[in-house]
Amino acid sequence: MIGVDTQLLALLTAGALIIIGLFAAILIDNLIKKIVGLSFIEEGVNLFIICLGYKEGGVVPIFLPGMDSNWFALNSAYPLPQALVLTSIVIGASTLAVMLALAMVLYKKYGSLSTSKILNHKTDMGDEE
Amino acid sequence: MSFYEDFINSLKDKFSNNHLNNENVSGAIAAELILISSVLLSALLLRHISVILTAIIILILIVLIFTNLPISIKLFSEQDDSMDKMMFYCIIALGIIVSVIYWGGI
Amino acid sequence: MNAMIPLIVIIPIIAALLLNLFGKNNKTIKVIAFIVGIILPILTLITGYGLHYFGGHQPLSLSNISGLPSYISSTGLYNLHPAITYNFTSLSKVFIFMMGIVVFLSIFAYLNSEKRASGPFLFLVFMGTASVSAMMMSDDLFNMYVFFEIAALIQTGIIIASKAEDNYETALKYMIIGSIGGPILLLGIAILLAIAGSVNITDIVNIVNTSLIRSPQTRPIVLFSFGLIFFGWLYASGFPPFHVIKSSIYSKAEPYAASVLQGMSLLTLVAFAVVMFRIFGKLNLFKGAVLLISIMAMVLGVSMAVMQTDFRRMIAYLSVGELGFVGLGFGLGTRFSITAGLFQGINELIVTALLFIGLGAVVYLTNTSNTRRLGGLISKNESMAIMVLLGGFAMAGVPPFNGFRSKFMIIEAALNSGFPEISVIAILVSIATFFVFVKAFYSIYLKPQPTDLEFVHETIPRSMVFAVAVLLIICIVLGLYPGLVTNPIAELIGGLL
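Chains A, B and C, in that order, are what the protein sequence lines are.
FYI, the numbering for the first sequence is 6 to 134, going by my numbering.
FYI, the numbering for the second sequence is 105 to 210, going by my numbering.
FYI, the numbering for the third sequence is 615 to 1111, going by my numbering.
Any given hint might turn out to be false.
[What the hints assert, rightly or not] Covered, in the sense of this in silico footprint (three residues per stretch, anywhere, with C-beta under 8 Å from a C-beta of chain C), are these stretches of chain A:
| hint | region |
| --- | --- |
| 1 | 43 to 52 |
| 2 | 83 to 92 |
| 3 | 102 to 109 |
It is worth saying that the hints were derived from the structure and are not from the lab.
Glycine included, C-beta positions come from ideal geometry on N, C-alpha and C.
Here chain A stands alone, though its shape is the one from the complex:
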């Protein structure tokens, strides 16, 4: 589409994902929904990193034989963020897996998925006689 700045839209989407994730962290009570909402924050940051490498009208950063190196340096997209984001996506997936496994164990123990019941135990100053 002419006149639409792709990078700006992607950055705004990344910001929206992060804010939605922060809201989910505070306001949602169901544990599974909270965990899914928390993974939004990670995905939003990944999207932010990816769109740093965008170049308007750029080519894929693979240097094929027969290309002029000056033209390549001026026209290719920035390849570093794609490499970083791969690692970051894997980290997000493993964190999500561990959190969901813990949610399963806690569901078996408590029989409910409400965070106010599971995660709000208090430490007491006195003795539990």
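Following the hints, complete the assembly by docking chains B and C onto the known chain A.
Relative to the frame of chain A, chains B and C by itself:
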């Protein structure tokens, strides 16, 4: 002496237990003294910014402290392990950091 | 190109994988864990200082390529680091060596006190050591973030592996808060990447300090990334508002695991604090923010510790509070104060490990950590009780131990910088720490034993006594010869400033 009695009664209110021995009470009184003295001392650090501001803030802090005694018990009940309280303070910290650092722009 | 530098990270990772693979075979994993635990500190002692470029990709200025076009050879592009660089300095050597000693002694105490060692648990401990060693040495911000996330997962795993009650809830709470703290740190790193064009710390320092801070368009962006990285640093090291969850983790883990966990938090704190100091050290806001949060950490840590009845929670809050002293050193910003803060970090690593293992012996004997139910344990093993008391004195800053030296240096640094209020607060916090120990020592060891106290085991294993004795000897040696640690650190800090 009645301040000590009030202290013990508010300890018993918050943590209704069968017995509190001197470990709890001495700890709570020690925490009280540390908190009040450190808050007032660290307010003195503001003198590097402006002396009048320091004086005003210290007076406000003294009023706040004396209307809210005992502080250590209230602080203890705010810092238990519940998820709601931890998340609240975490988001408040993030909010303060973002607003002060980005819009303060020092 | 120093090939021993990656070995410091690779050897624990390979050991961790082997230990997980042979997890069923008790003898094998005990032997492997013991050998690798000894190898790690020796390896850090014999590695020479230097840089290691992964893949051999050096900056163009160091390689012998000639005939480059002028838009490369006469601009800043000539000095950029194209690949991940590890930098082994005297600071990394001291910290990784001490962490190696603490991990070895914790593993030694663990292997001899449990009949069946658990392969996955040892996997977690060694991966944790590898991740914090990599964080200390790495000169690449994204690499540090990856190992930081690995360390967060390892800490969660260590809590899951313990036998305390409510450990699953604590692990889930830590992960939920980590899902906010970690990505915010990554967002700060991404903003630095966006504005500086590189994730290598040396390059970012050059670019930020020469041009980005001065220009009024880019200065707010640099400040914003400082704020986000600062928030991530607060989560990683356990400063307020994360001190509650951090101390909760230390108290729920097994005692020998808690000593490794607090070492990991300390090394993460130091690694990120040095990076933040290099990149943002010229901002006034950096010093103000770090000072404020360190004072809060010290005061909140010790005032919560004084009110606890569970002694593991007490030591956990104290260790979180002692990290405030390290932050103070960075907040004051002079060479002497940063050296003092880092020396305090080393001392705190050793002493907290001593206290966790020493008081872990009490948990081993009685399976409870509630001081209201304990008493009279000095009759079980007097030498252990005295060593724990001396460890408590070392943390509180009694001469001739190491805690006295480092706290004295910090107080002197605060007075020299024109902040006497900070010195008074530091002295108050040390007095309160001493009070905590006297109270805890009386409640656990000296008061009359309650009649309903049951003993699960009758004697403390000799490996725990040995571990505590070695750590106490290190405390005394560092207290008498602080130059062993402060001279290497001061050289490096002199180079940074």
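Against the structure, the hints come out as follows:
1. 43 to 52: holds (count 6)
2. 83 to 92: holds (count 4)
3. 102 to 109: Contact hint for the region 102 to 109 of chain A vs chain C: holds, 4 residues under 8 Å.
The structure shown violates none of the earlier numbered hints.
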